[in-house]
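Chemist: Sequence:
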Amino acid sequence: MIFYFSGTGNSLYVAQKLQETEGGELINITDALNKKQFKYQTVDGEKVGIIFPVYFNGLPTIVEQFMEKLTIDNSNQPFIYTVVTCGSSIGRADKMVANQLQTKDLELSSAFSVEMPSNYVMIYDTYDAEKEKSKLQVAEKQIENIKKLLKTNKKGNFSKHGIIAILTPLIYKLYGMRRNTEKFYTTDACNGCALCEEICPEMAIKLENGKPEWTKDKCSHCTACINRCPKRAIQYGKATEKRGRYINPNVVFEVNKKN
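Under UniProt numbering, read the sequence shown as residues 1 to 259, first letter to last.
Source of the hints: derived by calculation from the structure; they are not laboratory data. What you are looking at is a predicted structure, and each value in this text was computed from that prediction instead of being measured. Any given hint might turn out to be false.
Heads up, simulated BS3-like pairs for lysine-lysine below, C-alpha to C-alpha not over 30 Å straight-line [as the list claims (entries may be wrong)]:
| no. | residue 1 | residue 2 |
| --- | --- | --- |
| 1 | Lys151 | Lys135 |
| 2 | Lys36 | Lys17 |
| 3 | Lys160 | Lys206 |
| 4 | Lys147 | Lys160 |
| 5 | Lys155 | Lys95 |
| 6 | Lys95 | Lys17 |
| 7 | Lys155 | Lys69 |
| 8 | Lys135 | Lys104 |
| 9 | Lys135 | Lys231 |
| 10 | Lys104 | Lys154 |
| 11 | Lys141 | Lys218 |
| 12 | Lys242 | Lys231 |
| 13 | Lys154 | Lys183 |
| 14 | Lys160 | Lys133 |
| 15 | Lys173 | Lys238 |
| 16 | Lys47 | Lys17 |
| 17 | Lys141 | Lys155 |
| 18 | Lys39 | Lys133 |
| 19 | Lys206 | Lys218 |
If you anchor each label on the Cβ, the simulated ranges turn out as follows [said to hold, decoys possible]:
| no. | residue 1 | residue 2 | range |
| --- | --- | --- | --- |
| 20 | Gly45 | Lys133 | 35 to 43 Å |
| 21 | Lys151 | Glu213 | 43 to 51 Å |
| 22 | Lys104 | Pro169 | 18 to 26 Å |
| 23 | Asp188 | Asn157 | 22 to 30 Å |
| 24 | Ile164 | Lys104 | 23 to 31 Å |
| 25 | Ser75 | Lys133 | 42 to 50 Å |
| 26 | Gly45 | Asn157 | 16 to 24 Å |
| 27 | Glu46 | Lys183 | 42 to 50 Å |
| 28 | Lys35 | Ile163 | 38 to 46 Å |
| 29 | Thr187 | Asp128 | 48 to 56 Å |
| 30 | Ser134 | Thr103 | 37 to 45 Å |
| 31 | Glu213 | Lys69 | 25 to 33 Å |
Ideal Cβ positions, reconstructed from N, Cα and C, are used throughout, including at glycine.
Turn these sequences into a full structure, and let the hints guide you.
Modeler: Spelled out as structure tokens, the structure:
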């Protein structure tokens, strides 16, 4: 089985590619949280993947909440691996997963990272078309390498942590401070399609009089709403009005199942 969390498709794409060779069920972490599905049974020889993007050198809040409640029967001693998608490095995100698993008497067997185009348009602009294409080509090679290593049950940490990993306690603290929703707003381009409400993993968006309103003070900042809005009507402060948008071009999304 493969658990994944994805805002704009990078981690979903990795999960889908690994499923091609590893098989097993793809489990959307957002759906599992909403349905309160936290207990899982493995069969002998089954691998368990946990795939998600790095946020501020650590775990997205959605993933952290899920990992705290996740229970995997360890009688079959499953081979558990994580793949963290990132712009350049993952900080200590893999270590955070390992620590969560350790509290459940489970071991993280392998850890990997895949470099992808960045989607955090609240701070950075998107890549130009040429750089995005190049980044995605690098990602393909990294995914193929992960497939080969998983095929042989290769254990180890193969992630790119980056020199700023040592600053993770400070950087991750900033995540809690920055993930406010008060700067989100919509322009007149909004047509009330309600896609943002449907895809928000935090269920923090509600349509009021045909326009989205952010009903929670904080969210995970997955950027699904701002990047996937078909009219580019969602903004976060004035800076995003001049920035591009990013969705992984190789995936087709399913709407989060909230019931």
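Chemist: If a hint holds in the structure, say so; if it doesn't, say that too.
Modeler: These are the hints, each one checked on the structure:
Between lysine 151 and lysine 135 the alpha-carbon distance is near 25 Å, which keeps this suggested pair within the 30 Å criterion. Of the supplied pair hints, the one linking lysine 36 and lysine 17 holds, its CA atoms being roughly 26 Å apart against a limit of 30 Å. For a cut-off of 30 Å, the pair hint linking lysine 160 to lysine 206 is broken: about 38 Å separates their Cα positions. At roughly 17 Å between alpha-carbon atoms, lysine 147 and lysine 160 fall within 30 Å of each other, so this suggested pair holds.
Between the alpha carbons of lysine 155 and lysine 95 the distance comes to roughly 15 Å, so the proposed pair stays at or under 30 Å and holds. The hinted pair formed by lysine 95 and lysine 17 meets the criterion: a straight-line CA distance of about 24 Å does not exceed 30 Å. As the CA atoms of lysine 155 and lysine 69 are separated by approximately 25 Å, the hinted pair is consistent with the 30 Å bound. A hinted pair counts as satisfied when its Cα atoms are at most 30 Å apart, and lysine 135 with lysine 104 does not qualify at roughly 36 Å.
Straight-line distance between C-alpha atoms of lysine 135 and lysine 231 comes to about 26 Å, which keeps the hinted pair within the 30 Å bound. Only pairs whose Cα atoms come within 30 Å are accepted, and lysine 104 paired with lysine 154 is accepted, the gap being roughly 22 Å. Between lysine 141 and lysine 218 the CA atoms are separated by roughly 36 Å; this puts the pair beyond 30 Å, and the hint is violated. The hinted pair formed by lysine 242 and lysine 231 meets the criterion: a straight-line CA distance of about 14 Å does not exceed 30 Å.
Taking the CA atoms of lysine 154 and lysine 183, the gap is about 44 Å. The hint is violated against a cut of 30 Å. In summary, the hint linking lysine 160 to lysine 133 is supported, as the alpha carbons are separated by about 21 Å, within the 30 Å threshold. Between lysine 173 and lysine 238 the CA atoms are separated by roughly 25 Å; this keeps the pair inside 30 Å, and the hint holds. The hinted pair formed by lysine 47 and lysine 17 meets the criterion: a straight-line CA distance of about 15 Å does not exceed 30 Å.
Using a Cα cut-off of 30 Å, the hinted pair lysine 141 and lysine 155 holds, with the two alpha carbons roughly 19 Å apart. The hinted pair formed by lysine 39 and lysine 133 fails the criterion: a straight-line CA distance of about 39 Å is larger than 30 Å. Taking the CA atoms of lysine 206 and lysine 218, the gap is about 14 Å. The hint holds against a cut of 30 Å. Range check, glycine 45 to lysine 133: about 38 Å between beta-carbon atoms, so the 35 to 43 Å window is met.
At roughly 48 Å, the beta-carbon separation of lysine 151 and glutamate 213 lies within the given 43 to 51 Å, and the hint holds. The hint said 18 to 26 Å for the Cβ distance between lysine 104 and proline 169, and at roughly 23 Å that hint holds. One distance hint, 22 to 30 Å for the beta-carbon pair aspartate 188 and asparagine 157, is violated here, with the actual separation near 49 Å. For the pair isoleucine 164 and lysine 104, the supplied restraint of 23 to 31 Å holds, since their beta-carbon distance comes to about 29 Å.
Checked against the hint of 42 to 50 Å, the pair serine 75 and lysine 133 passes, with Cβ atoms roughly 45 Å apart. Separated by about 22 Å at the C-beta atoms, glycine 45 and asparagine 157 satisfy the suggested range of 16 to 24 Å. The hinted range of 42 to 50 Å is satisfied by glutamate 46 and lysine 183, whose Cβ atoms lie roughly 43 Å apart. A hinted range of 38 to 46 Å for the beta carbons of lysine 35 and isoleucine 163 is consistent with their spacing of about 40 Å.
A hinted range of 48 to 56 Å is violated for the C-beta pair threonine 187 and aspartate 128, which are about 24 Å apart. Hint check: serine 134 to threonine 103, Cβ distance near 40 Å, so the stated range 37 to 45 Å holds. Judged by the Cβ atoms, the range 25 to 33 Å given for glutamate 213 and lysine 69 holds: they are separated by roughly 29 Å.
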